[in-house]
Amino acid sequence: MSACPAAVVIGTGSHLPSRVVRNTDAPLSLLETSDEWIRSRTGIETRRWAEPGESTGDLAVRAGQRALRSAGVERVDLVVVSTTTPDHHSPATAPWVAAQLGLGTVPAFDIAAACSGFVYAVAAGDAWIRAGAAETVLLIGAETLSTITDMSDRGTAVVFADGAGAVVLRRGTADEAGAVLATQLGSDGTQKDLAVIAAGGSRRPDAGPDARPDAGQAAVQAAGHDARCLRMQGPQMFAHATRRMTEVSRSLLGAVGWEAEDVEAFIGHQANQRILDKVADLVGIRPPGRLGNIREVGNTSSASIPLVMDGVVREKAVGAGARTLLTAFGGGAVWGAVAMTWPDIQPVF
Amino acid sequence: MDMLDQRPLDFITSYLAQAFGVPQQELTPEASFSCLALDSIAQVELFVTLSDHYGVHLDDAHATGSLTLQETADLVEAAIADSGAATERTAAVPGPGAATERMAARG
Numbered sequence: 001m002s003a004c005p006a007a008v009v010i011g012t013g014s015h016l017p018s019r020v021v022r023n024t025d026a027p028l029s030l031l032e033t034s035d036e037w038i039r040s041r042t043g044i045e046t047r048r049w050a051e052p053g054e055s056t057g058d059l060a061v062r063a064g065q066r067a068l069r070s071a072g073v074e075r076v077d078l079v080v081v082s083t084t085t086p087d088h089h090s091p092a093t094a095p096w097v098a099a100q101l102g103l104g105t106v107p108a109f110d111i112a113a114a115c116s117g118f119v120y121a122v123a124a125g126d127a128w129i130r131a132g133a134a135e136t137v138l139l140i141g142a143e144t145l146s147t148i149t150d151m152s153d154r155g156t157a158v159v160f161a162d163g164a165g166a167v168v169l170r171r172g173t174a175d176e177a178g179a180v181l182a183t184q185l186g187s188d189g190t191q192k193d194l195a196v197i198a199a200g201g202s203r204r205p206d207a208g209p210d211a212r213p214d215a216g217q218a219a220v221q222a223a224g225h226d227a228r229c230l231r232m233q234g235p236q237m238f239a240h241a242t243r244r245m246t247e248v249s250r251s252l253l254g255a256v257g258w259e260a261e262d263v264e265a266f267i268g269h270q271a272n273q274r275i276l277d278k279v280a281d282l283v284g285i286r287p288p289g290r291l292g293n294i295r296e297v298g299n300t301s302s303a304s305i306p307l308v309m310d311g312v313v314r315e316k317a318v319g320a321g322a323r324t325l326l327t328a329f330g331g332g333a334v335w336g337a338v339a340m341t342w343p344d345i346q347p348v349f
Numbered sequence: 001m002d003m004l005d006q007r008p009l010d011f012i013t014s015y016l017a018q019a020f021g022v023p024q025q026e027l028t029p030e031a032s033f034s035c036l037a038l039d040s041i042a043q044v045e046l047f048v049t050l051s052d053h054y055g056v057h058l059d060d061a062h063a064t065g066s067l068t069l070q071e072t073a074d075l076v077e078a079a080i081a082d083s084g085a086a087t088e089r090t091a092a093v094p095g096p097g098a099a100t101e102r103m104a105a106r107g
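For the record, the sequence lines run as chains E and Z. Position one of the first sequence corresponds to residue 1 (this note's numbering), numbered consecutively onward. Position one of the second sequence corresponds to residue 1 (this note's numbering), numbered consecutively onward.
These aren't lab readings, by the way, just hints derived from the structure by calculation. As the structure is a prediction and not an experimental result, all values here were calculated from the model. Note that the Cβ used here is the ideal one computed from N, Cα and C, for glycine as well. Don't take each hint at face value.
[Claimed, not checked] For the chain Z half of the interface with chain E, some residues (derived, Cβ under 7 angstroms), not all of them: (1) I41; (2) V48; (3) D52; (4) T64; (5) L67; (6) E71.
Just chain E, same shape as in the assembly:
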């Protein structure tokens, strides 16, 4: 038996806002689209949106509570929140979440890696644990993408959603069920325009008009509104996401010595069902192992993978020790993958 130290997943949790939005509900029903169009192009039937005033931190706290309860721990040594929709530009969301969870003065920070945030968080938590800097780590992926979505933009309004998922890592060994065996991350900053919020950062602090001065008041106002919302180049995103998740998945499988057919649980970032299917096809993942929730939950960015993980734990759909591959791609561009074994966790309701 190997005694190689490893981070081990010992608890999962999730939380979704109560508001369910179907493809036929307003404001989506006002767009030039249809239920059939949305289903066939994204795989999404419903999604959850937070109520006004319900923040990413609020969702993260609920998911974190459940993950801590699932793990049976009351203290951790580190809290990491991955999000692209933090409560504030500053401070980070993680310290507030840690305080709400009663975790005292624990180290806490955010990771901003768009839809790849959770795999980046796993890599960070794994590194802290293997370096001996932490015994237990709480990782939370949480998003309120509805707050950065232009509800008149068909390409993003039908896709993005809100939610939070969390896992607890504990220092253990690589032969335990739930062990993180390897991670690989990557980025390509030349592709930053694939998905971008133009205003609000130091490059363009205000969301002021970006339209031509002679464009008219309505166009000027619309430009200001647009600049605060996430813009995505759909086809280009599809191409880059598919290629990068395929490449990193193949590379990681090679690193851990697994064949694609060995993978019993595959969870890709729930971006779009067509991307997920294509990546799984190209990598060679067998259909029974392809796990997801995009039909009911939509694209929740960095929350999507831990949301699926918690759902699978609740359904007991995967056996402890099953060979598991996680992969994600997000704006930046950033991507990554995690090879692990499925944790031995009893669902907590």
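We have chain E already, so just place chain Z on it with the hints.
Positioned in the frame of chain E, the structure of chain Z alone reads:
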């Protein structure tokens, strides 16, 4: 026939019929993606699939609605040819050892 031996045009028509349910009789070389009512995502998906299948780089900027199936196949053929030429160029470049030997012979 090995899948890799399949001509790009045949691969393209087979893929579009299988993945998107395009009727076989509509899949002529002259048909454009717009004519076939295939959206931009479908076209990019085909490009990704072709790149992976033939192991070549295809520039997604070529993925426009007016592109025909024959033109798509031509892009793949050109990329395969480029790839082969690059491999031959690499093989023909003498390594450091060979350069040293020639210099020694001149000396």
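Against the structure, the hints come out as follows:
1. I41: holds (5 angstroms)
2. V48: holds (5 angstroms)
3. D52: holds (5 angstroms)
4. T64: violated (10 angstroms)
5. L67: Where the cut-off is 7 angstroms and the nearest Cβ of chain E is about 13 angstroms from L67/Z, the hint is violated.
6. E71: violated (18 angstroms)
Against the hints set out earlier in the document, violations occur for numbers 4, 5, 6.
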